[in-house]
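**Q** Each residue of the sequence shown is one higher than the last, beginning at 1 in my numbering.
No lab work stands behind these hints: they were computed from the structure. Positions of the beta carbon are idealized from the N, C-alpha and C atoms, including for glycine. Be aware that a few hints might be false.
Between beta-carbon pairs, the in silico distance windows are [stated by the list, open to error]:
| id | residue 1 | residue 2 | range |
| --- | --- | --- | --- |
| 1 | Glu71 | Asp96 | 45 to 53 Å |
| 2 | Asp127 | Glu97 | 35 to 43 Å |
| 3 | Glu58 | Asp82 | 29 to 37 Å |
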Amino acid sequence: MKRPVNIDMIIEAFEFVSGETEVYLNTRTGEIFTIPGQVRPTSELEELDEDFRELQEEIQEKAQEELSSDEYILLPNFLEIDEYRIMEEFCLTLEDEQLSMVMCGAIQGKGAFKRFQENIYRYGLADRWYRFRENVLRERAIKWCEDQGIPYVDRRSTPV
């Protein structure tokens, strides 16, 4: 039987998802399990002991083995969450047309995330942005749970 999961835990897990990190939900226990991407050797790390590399491979292998059971479901990846699209939606919600244009322009091209962060503080939009982002992530977490047939508890509403 699937245990109800706390939506806030799913939202928090969404925030940890990155390019190579995988996050899973154990549907039996409601626990979140994160597998970080492989450690990339740098010039300093290339000399790491072969035993360390073997241990890392063994841990990855055991984790994948465990996660292959039906109890674990992979959460959406970084691309599926689409943080850029969330920023874009936020910019389009701004009533001040000029500010909206400035914010939309800031997220174009390389360095978009950094410029966006700078601008939300420059224009006093940080609180509004974080509330907006949390609401979008909450909606996506609820939809994901419903699509997966996972019961959830949302502190903002009654259990589903």
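**Q** Run every hint past the structure and note whether it holds.
**A** We went through each hint and held it up to the structure:
1. Glu71 - Asp96: 45 to 53 Å: Roughly 49 Å apart at Cβ, these two residues keep to the hinted range, so it holds.
2. Asp127 - Glu97: 35 to 43 Å: violated, 21 Å
3. Glu58 - Asp82: 29 to 37 Å: Between Glu58 and Asp82, where Cβ atoms are some 34 Å apart, the hint holds.
Violation of the numbered hints given earlier is confined to hint 2; every other hint is satisfied by the structure.
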